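Residue numbers (numbering that gives the first Met the number 0), protein chains in the order written: chain E, 0 to 330; chain Z, 0 to 503; chain H, 0 to 341.
By construction, these hints were calculated from the structure, which means they are not laboratory data. Remember, it's a predicted structure, so these values are computed and weren't measured experimentally. Glycine residues also receive a C-beta, built at the ideal position from the N, C-alpha and C atoms. What you were told as hints is all true, and nothing was included just to trick you.
Pairwise CB distance ranges, derived in the manner of DEER restraints:
no., chain 1, residue 1, chain 2, residue 2, range
1, H, L320, E, W97, 36 to 46 Å
2, Z, H206, E, G22, 49 to 59 Å
3, H, I101, E, W301, 27 to 37 Å
4, E, A28, H, L299, 54 to 64 Å
5, Z, V252, H, L320, 51 to 61 Å
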Amino acid sequence: MVRRSIDWVKFVLDRFIWFIIAGVFLFFAVQTKGFLTGVNMVNILLHTSVLGLMTIGQALCLITGNFDLSAEGTVSLVTVLAAWMMVPGGSLEGGGGWVLHPLIVIPLILLVGAGVGLLNGFMITRLRINNFIVTLAMQLVLRGIALAICRGHNISGLPSLFTWLGTSRIGPVPVQIIFTLLAFAGFHFYLQNSGFGRQLFAVGGNRDAARASGYNPEKIVTTAYVISGVLATVAGWMLLGRVGTSSYDLGTGLTLETVACAVIGGVALTGGYGSILGAFAGVLLLSIIDNGLNLMEVNPFWIKGIRGFIILFALFIEAQKFRYKPKVARS
Amino acid sequence: METNTQKNVLLLQMKGISKAFPGVQALQSVDLEVYMGEIHGLVGKNGAGKSTLVQILMGLQQPDIGTIEINGHRFKTISSEEAIKAGVAYVPQQVRMMNSLTVAENILAGDMPKGFLGFIDWNRVYKEAAERLEKLELDLDVRRTVEGLSVAEQTMLAIAKALFSKAKLIILDEPTAALSRADIDRLFGFVRSLKEKEVAFIYISHHLEEVFEICDRVTILRDGRVVDTRYITELDMATLTKLMVGEDVKEYVRGSTYNDEIVLEISDLTRHGHYENINLTVRKGEVIGISGLHGCGAETLGKGLFGLEERGIGKVSVNGRPYTPKDPHEALEQGLAYLPQDRHRFGIVGIRPVRENITYAILDRLLDLLGIVKVGEERKVVQNYIDRLGIVTPSPNQMVKLLSGGNQQKVVFAKLAATKPSVLILHEPTFGIDVRAKTDVFSIIDELSAQGVAIIIISTEVRELIGICDRILVMYEGRIIKEFKKGDPETTPENILRVMEEGK
Amino acid sequence: MSRKVVFTLLDNFIWFLVIVVFLFFSVASSNFFTPFNLLNIIPRVAALGLLIIGQSFTMITGNFDLSSESTLGLTAMVAGLLIAPKEFGGWGLMLPAWLAIIIMLLVGLIVGLANGYMVTKLKMNNLIVTIAMMILLRGVVYIISPGSSASFFGPVFDWLGGGILFYLRFGGQSVGVMVSLAFVIFAFIIAHIVTRYTQFGRNMYAVGANREAAEAAGIRSDKIILAVYLISGFCSALAGLLTAGRMDSATPRTGMGWIFQVQAAAIIGGVSLLGGRGNMIGALGGMVLWGILDTGLNVLKISPYLVDAVQGGVLLFAMFLDALKGRYLQRTALQKVVPLKT
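The following block holds chain E by itself, in its conformation from the complex (with noise of 0.2 Å):
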């Protein structure tokens, strides 16, 4: 009787998230008007696509065992740069007069965020830096040289060509949410089902047995934070598209999101264990919920409080979790 009732928890403990985010959504459902129409879903799911392509790197590199602090630095950085690159001189535009053309500027930018996690995955892996410090540094820098080059201005007037991404839809249905879904559904399977993502999970779960396995930490670590980088990198496009100018502190706040909408998808911290699909119901709980509590016309600080008191929520969970876990006596 006792083993019947300690699986059932675990049943229900293991989908946790997900009768929590049916239980949020009835109750919005019923209490907000307004929330269950067409344009609203598609708001949602505006808001988890940059939210959620962050997550996915995140996971990737928390199942590795690492963090990535940077990530927010990243998106300010390649918008910033991005921005500065296309938008012609003067005070009045803000831009560096270069006037690249968005084809140059786009591929640009994704090798300028593959190199952050380049530059990251050798800090963390050659030098040995602890990688939440590493990570964190490099967020300052980031912002620090975005800052310098915009010097504080914001900048718009951005050509459409580089816009579309943030902008442009399919029928009702806006691209990036189209791109972010299939980013969910090919990271998911990937990690599930193919070699590579065997390895992330071996070595995040016990670095020293996997490369006494065969293979090599130090490469798949720093793929994993490339990864994230290119991904920041794509979030950034998508967001500054939809804004349309550049600042310096965009994606302000979004890190310690990214962990958060992890964590509560079931990624452990130690790394070795979680899913994308995980992750992607943490990005929805948190998009549903900010969501539905702007249309509540709730005070935009006390959601920020919520946010935060959320993510304690989450955590107290996942704490509990272990407790249910069975205990084996080995002697």
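Use these hints to put chains Z and H onto chain E, whose structure you have.
Below, chains Z and H without anything else, positioned relative to chain E:
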């Protein structure tokens, strides 16, 4: 060995202890009595219940039924604080040291000598710590930090700590795993001197020779029940093993299966500070053992050959081709696999499932063009090895860390065997696994060598080596100094041990 | 060079850095080496120093408290609302300073208690919990704040944050030694005494070095960790006090972004991320280094935009050296020297 337990007072009495976990009855009506000044052995296979019993005694687990009485004080449930206060100390297998702190602080942690106004008096701290170590003839600098001490030194330090925590009952859990013969002698000397002072010990070990050497009585656990509690003088090795396992267990003896084809050839391999002029050939299907004291160079040789550490300079060839791996990946590709001693650290990824762990080293053979794992083939390979090696697991998706020690070891074996290596280096393959699993491991080694794999076993379990190896090499301070052949009259455990210790 | 010398050098690396950076700025600008600037190095970062103390305490036990910047902001704002007159953003209660200070400290302790409780009793991950608290508390600050700022904290705060304790003469000039300087130095002294010379302090190190071993030695790790979070909250409140006094106002953004500098300074000062290592003298050095950097970059008129980047760069550099030091220690300690008979 004097048995003066009759005239002594009963210190510990555990009565009728039962404990169940989901799906398994770990302990059933276990009684354990330890007298003051007694060294009481506790033996049993992995899974017999020794850890659980000790955890209950230390207050880390609560019994479902049963009582604990320490020094006349009866407990139904005990907290770890109460256990410590009642005078029970535990020295675990994996020694817990506070690495960044000094030796002195590790000894005196929690209650340091204070002076002026209740502030810590560091002079007295160092003085008292040094005094305590001196009494045990342990030569360590109390002002240095613990990190960097060898495992042996750390174990001795942990025991010193327990010895001085005013404990009346000390539980030693596999204390000799990393100790040399000299250290073991010293340890036993301390234990005996404390026995004089009426301190009691519970001695848990898989090394039955030691149990015979040091214990007064022994309690045998099997499948959660007490089989018997006897005076050690009434037992011999065969009877004890039989009681532990429940049936006759012969010492494993293996037939030879090698031919003349040379698989591994090492010439003049030297790594400064570790080993020198290593010359070694291993034939197809041959099993050789390398034994030596801790630090003789055998361990680093094994790791070096696998690419986990530097190899040094010299020629190595596998299957006639030069063998020059930069890392384990290349080593595996070139046909050499390595089973690490510390499987928790280097062997298994605990939170991943069995099926992933088994296929780690052969992943590239299971991937399709897009890098996706071919699930059907994987399943076949995994099931094949689960069956052949007898891995006990509820399903291939079970997390490896939930398996017993012996089965975890088999998973690592499976992983390596799957790469179809030409040379297999095993480092203490029977470390921390019980008698029955050991036999399984031996038959795995037997089968692999019959298939033509050249096997090198680096181990200090000399008796086991004699049973399975065709040749045994002894290393001393970085060199191979003697070779013992199977079947030779001089190939005895005593001779081999002597050469290991003396170096000639 | 003998090993002992190298070790001592490595352990006190922060002071080495301090001297180098100090010399750099003294040479780079003649304006740097003035009595006024020098005596102002520490007061500039006094509040930061208090946060560093609190953070170091938690780090030594192997935990993080990333919420301290928001606690600083919250306590400063609370005090402002209680003291300042209505025209200047307060609630118009015009409470006496001593009462406001007590309430501030209470708030700090409550935050510390909440953090500690979640980490020890509810067993939640300390990193994310304190980050979440950082977000949450900052939200609270925004909610209760009057829009822009609460100002005019009155003479007590002004004295604590900006007042002069006594004057020193330097060849004709009179330069003031600030109260905040003495305050923070005093705090560091107490912190050092606690960590080095009390059982509680040593227990902190034990818990950080190896929690199980500490428990086995009879140390109640839960209690220790709860205590350090309380201390951190308390220090954050004190930092809020100094900041409010120095600025004579509190805004919703007070203290925002400080957490990186606190972390960086502590780590550069030798307090290890892993716990069980580091001392308050090193942490003091971290504070001093930051003060020098701040003053120096200001004097050199470096674009404020680059200051962040420079600080990040310094942090990275220090971490790199720290990692090198770690590897050096490992290699020398574990070297198995087998005597080879040649």
